[in-house]
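Trainee: Listed below, chain by chain, are the residues.
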Amino acid sequence: AQSVTQPDIHITVSEGASLELRCNYSYGATPYLFWYVQSPGQGLQLLLKYFSGDTLVQGIKGFEAEFKRSQSSFNLRKPSVHWSDAAEYFCAVGAIWQGNLIFGKGTKLSVKP
Amino acid sequence: DTAVSQTPKYLVTQMGNDKSIKCEQNLGHDTMYWYKQDSKKFLKIMFSYNNKELIINETVPNRFSPKSPDKAHLNLHINSLELGDSAVYFCASSQDRVQETQYFGPGTRLLVL
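Going down the list, the sequences are from chains C and G.
1 is the number of the first residue of the first sequence in the working numbering; add one for each residue after it.
1001 is the number of the first residue of the second sequence in the working numbering; add one for each residue after it.
Derived from the structure by calculation, the hints contain no laboratory data.
From a predicted model like this one, the values you see are computed outputs, not experimental measurements.
Heads up, the beta-carbon is just placed ideally off N, CA and C, and yes, glycines get one too.
Be aware that a few hints might be false.
Said to hold, decoys possible - Using C-beta positions, here's what the derived DEER-type ranges look like:
id, chain 1, residue 1, chain 2, residue 2, range
1, C, E64, G, T1013, 23 to 33 Å
2, G, S1065, C, S70, 42 to 52 Å
3, C, S84, G, N1079, 38 to 48 Å
4, C, S80, G, Q1014, 43 to 53 Å
5, G, N1051, C, A29, 23 to 33 Å
What the hints assert, rightly or not - Capping the alpha-carbon separation at 30 Å, the derived lysine-lysine pairs in DSSO-like fashion look like this:
id, chain 1, residue 1, chain 2, residue 2
6, G, K1022, G, K1052
7, C, K105, G, K1044
8, G, K1040, C, K49
9, G, K1071, G, K1009
10, C, K105, G, K1009
11, G, K1022, C, K108
12, C, K105, G, K1067
13, C, K108, G, K1041
14, G, K1019, G, K1052
15, C, K108, G, K1040
16, G, K1040, C, K105
17, G, K1036, C, K61
18, G, K1040, C, K68
19, C, K68, G, K1009
20, C, K105, G, K1036
21, G, K1044, G, K1009
22, C, K108, G, K1036
23, G, K1022, G, K1009
24, G, K1052, C, K108
25, G, K1019, C, K105
26, C, K49, G, K1019
27, C, K105, G, K1022
28, G, K1052, C, K112
29, G, K1041, C, K112
30, G, K1071, C, K112
31, G, K1041, C, K61
32, G, K1044, C, K108
33, C, K61, G, K1009
34, G, K1071, C, K68
Kindly generate the complete structure, drawing on both the sequences and the hints.
Mentor: Following this line, the structure appears as structure tokens:
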């Protein structure tokens, strides 16, 4: 069965520090992978997505993610975190045959001054 | 200019009542979705419609019924509300199924007392 695991429930980083949020997926075929961000009280906004091609994808707000098929991972990175990045981050895999997204349980990012 | 809009944003009601949440998208997309986010922030697909036709109907109680009067609207009716229905409900849309980015509405926060 398809699934997405985000092993870190809550991460705190200092402003200006680098960030990596982990995501592992289980999927039988080539996955479509997404990272969404949810600010408090808001809906979800797409940060970036991977369908095919270059395994390093660039997104909005300075985020990037790398698809590693051998590790079934799609980790999200940012070289320098800003206080406004504090939010909940969701990794998702597209279930092709069903047509919906399967989400991980999210990682809450806190940023300390 | 909101791409995906939902009304109401907040909904507080008593157990046993019937309520509806409306969703509209002005993106010209063919597919619309309803997701439920529980108190632990876990997001799960409930329904998906493609060109007004039901595509996905996950294990959701019969009390929940989606209705799509046209391609731009997907409303969610909930009968006999229960305490466990309290959650945030997100509407989303995409041009086609999984390959395309899903755009999310701001969410409807439902509290059943």
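Trainee: Find the hints from earlier in the document that the structure breaks and name them by number, from lowest to highest.
Mentor: Violated: hints 1, 19, 24, 26, 28, 30, 34.
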